[in-house]
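Asker: Protein sequences appear in the order of chains A and B.
Residue numbers 1 to 348, in this note's numbering, belong to the letters of the first sequence in order.
Residue numbers 1001 to 1303, in this note's numbering, belong to the letters of the second sequence in order.
Hints are computed from structural coordinates only; laboratory data are not their basis.
Quick reminder that beta carbons are idealized off the backbone N, C-alpha and C, glycines included.
Hints may contain errors.
[Stated by the list, open to error] The calculated label-pair distances, taken between Cβ atoms and stated as ranges, are:
hint	chain 1	residue 1	chain 2	residue 2	range
1	B	1015	A	124	57 to 63 angstroms
2	B	1213	A	128	22 to 28 angstroms
3	A	112	B	1151	31 to 37 angstroms
4	A	178	B	1109	53 to 59 angstroms
5	A	14	B	1218	32 to 38 angstroms
6	B	1218	A	8	38 to 44 angstroms
7	A	223	B	1213	37 to 43 angstroms
8	A	290	B	1213	55 to 61 angstroms
9	A	17	B	1293	44 to 50 angstroms
10	A	112	B	1218	51 to 57 angstroms
[Said to hold, decoys possible] Covered stretches of chain A, going by a simulated chain B footprint (3 or more residues, C-beta under 8 angstroms):
hint	segment
11	26-36
12	67-75
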Amino acid sequence: MAHIVIEAVSKRFGANQVLDQCSVVVEKGTVLTLLGPSGCGKTTLLRTIAGFVEPDAGRVVVGGRDITAMPPNRRQVGYVFQNYALFPHLTVADNVAYGLRVQRRNRAEIAVRVAKALDLVALGPLAQRYPARLSGGQQQRVAIARALVLEPEVLLLDEPFNALDAQLRLAMQIELRKLIARVGITSIFVTHDQQEAMTLSDSVAVMRAGRIEQRAPPLEIYDRPDTAYVAEFIGRANLVPVRMRGGKVEGMAIAAPLPDGMATLIVRPENLRLLTGPCDGWTGRVGFATALGPTTEYEIDIGGGATLRVLAARRAGEAVIQAGQAVCVAVVDAAACRVLAGNRGDDG
Amino acid sequence: MTADALRRPGLPRLLRRILHGRGFWPAAPALAYLIVFMVLPIGTLLLFGFVTIERGRIVGDSFTLAHLDKALHDTLVWRLLWRSLWVATASSLLTLLLAYPVAYVFAELRGIWRMLVLIAVVSPLLTSALVRAYAWLVILGGRRGILNQALVSIGLIEEPLRILNTDWAVLIGMTQIHLPFMILPLLAVLDERDRRLEEASANLGASHTETFFRVTIPMSVPAIFAGLALVFAVSYTNFIVPQLLGGGNYSTLAVQVYEQTIVVLDWSRGAVLATILLSTCFAFVLAIVAFGSWLARWNEVAR
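One chain only, chain B, in its complex shape (with noise of 0.2 angstroms):
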């Protein structure tokens, strides 16, 4: 369609705005589209947590803080919070370490190399997390999990090592589906950085590691810090890895939210820790994009 056609009087202001406007313009499909499919239904779901609900109505009238009461100072919402937490941590941090040599060699290889590691980062996005966790569960499962079985048969182990329904499965869950979330950022900073800064290093004598250390890695921060945002909040909110990788007596906050909601049809409780959920995960997410772009302050400074 060409800018001719757009002007036609025909045409509606608003689409013209849209099509060719400037500031917020636009964006204002997108948002528009969120406001009603994302914040609507949202704020719907949270206000269930704060009114009671009778007969699969809600009481007209009835705002209570009681089931927020209830859920803080129940100790079992505090540990499945700690558990969420560190789950989400131990797994982003995991992700940084496996992600940062995947990016770094991408960076330094050439050709038709650089598109298979492409490929290889970003094909397990084409299949749902949902089919990934299970091939864990074929991977890690009990005695006859692949994992286990070829462990015992190079004489690795003699006794299969119980992995699955442990803290472990999940932390391996999580890091494998969450790590193309960590390697695209990484990928595009390590791969435009400007190399003469590490000839700098070199030539005022650092070698290859100190070079890495003190200027690949710090240039690379502010990617760091948006890896570790991104994949600490899909982490922090993952409820399919727990549900199958931690088995049926292992919970979080975000598996509670759809065991309340789903299995138990307690929906202000499930709203009541969807709520905690969410405003704890945004807390999170915001001390860990504030403490990046503190490291790396010289960064607003080239802006």
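Just chain A, with the same shape it has in the complex (with noise of 0.2 angstroms):
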């Protein structure tokens, strides 16, 4: 069931269109991220979801209700903002008490609920604690609670990594996606973190210039992008130009329906093996080499100033290939490639 519709939804920021016509449906019960580049109008189309920004033109959505003309205080949608936003002259335990208090809700109920949202994040003990003597993944934690607390429609979170360091935020990923599953809300976040992307949700929408360019569960968008551009964000990818002749790419065995002609190969590093001798990819030399224990990445030249990237499972005392040693780069699953028609598949 549908649980968030945005309907071509646009804003624009003076000379700057930041939605264009934006649409995104997201079923009861999973978690979408919106990824993109900073810019690219996910910040934007998140907020407008919260009120806190009109769009110019579309629909949104939540639970059936159309809040596209509600004011962001009759929403009841759990946002949790990129620094938190938790209010510095409350406590741990008022910050989760604000949204109950300006219910008027009762002492007892309150407190009841309070305590409840706190044991959820494991933050109890530090319930009388001001928000300026918590870590930030503690912050990170209040800021949920308090979110989820008044039992929302659905969650957004914006960027709720950021502020973290690298150590915490992969374990504050995991702790998340457990606790979103645990309490079953409808979840959208924004990151430009592939990997934090792949990590949290179920479904991927990359957007791209106030759009959304692909939109597909994690696995499906990394294995099968629509797009160069998509192919690039996710992942890494090789973006080779080749010749289409006969359905097939010239000289290869990789097959795809388009016409003769130009054509854009998109291979992942690891789908690419390198040989000593000859095979039928492509010769080049290897051009710089990061040995990085389980793997080993190879640049390797293929001439006319374009290179491919190789990632090369590596064994036990095996050693890495030299920089400039001649080499045979060949794809490893045909299977697994995609081919976009037009030179560098500028835009799919």
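Two chains, each in its own frame: build the complex with the hints.
Answerer: Quick look at the structure:
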């Protein structure tokens, strides 16, 4: 069942078209990530759902209610701000109680619900602290408890891990994923970090210039990117100009339903391997090798200024192929490649 | 002047410390100035209250608490102190009520309008308090005062109001004259406040009004109390406004200090009253500041 429906929402700030007929649907109880570089409109879209931004056109429907014209304080949409926006003059417990006090709930009910919300994020012992005395991770949990205590229809999170250091980030991502699964709340995340998008969501929507470029489950969007933009944004990809002939990539066993002419082959670095003998692929020289331990990353110059990135698995004791050595680069699994029409597949 | 020039051997070490030093050294000139031109004169003045003066000379070795004792047993002094206190308190609160909306609106404005509001706020400081008090004399003055004439001519009242020479005139005058001291600290804090907190409040269900009272005002408590302390201190010790707008029979502690010293020439009594004025002023301001920081104790944690 569609829980959040965004229909052709547009927003212009001055000369800047931030959202351009943007549409997306989130199923009930699932987690969607809006992924994209800064300026792609992802935060504006989230703020539109919360009501902080008034769209120029389009509709926002949550749980069957059209909330496009509703003021933010009546939307019942939980929002976790990028820097958490905790009230510095209130203790943790008072921050969480804020929304309930606004609703004029009685003291006993507030006490019970606040305690429950704090338990949910394991912050009970810190209830009487002021936010300034909390770590980044603790502040994030307060912000989430403050939103969830009101039992909102949906939960929106704007780059919730940005303020955390890398160590804490992964732990908190998994923690949050579990929490959201336990509560079962329909959620939308905004992030520019593709790894975060993969960890957190049931579905990823890659945004570009105010539109959704592709929307699919994380692995599918990784395996089958629709455009070069998506391929480069989700993980790493080699975009190689190739020539099509008779429904096949010239010189390779890769089939694609494209007319003869120029096309772009998208191949992930881990789907390439290096051979010292001849092969049907590209010949080149090792430009640079980075030994990462379990894998080795190679940059291969294949002539004409083009390079291929190859991620090769490495067994213990295996030596790294030295820079300058001639190699042949072959595709491991032809079925895992994508071929897009046009040179460099600029717009799919 | 470059740093190299300062390192020349001829330059006295003291000057170098003041210009480049750490700790209190850069504040040394101001400190020296205040000691010579403020602390010493005030100390001398206050001393007059505790010695016997005969024919304009201090009688040697005549330390006495008699003047202070007399003043503390004088019901007039207590009445004046009470009036000073309530006039200053009322004027501070009135200033706050008028200043807050101005500062709030300023923070919402953009471009040229900001500049205009800022100029309007600061420009009264460019004229002397005396001139402004006289202006109020013209506005509030008796039958032919501008205010009464206007009110009568639009038919709002039939008889001219008696405002001049009452507490009201003093309050109105003081509040207007001290308004910038309240607006400026509020303006700085409200303008730099974190608007996301207000968005968070709205997101949690609060209306604009609720957000204002639950978030905006509590967050500006430090500025509110800075302004209150400032306005209280200048109102409590102001003697021009009560003298001019309060009329000949109107007096506060500050007015008495002036009259005893300049008119009656009883320096001992003037000095004792000044001691009372100064010490109570300190005590009240400290109380205001202490109450403010107790209310904003979260602010201490945040530092």
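Asker: Name the hints, by number, that the structure is in violation of.
Answerer: 3, 4, 7, 10, 11
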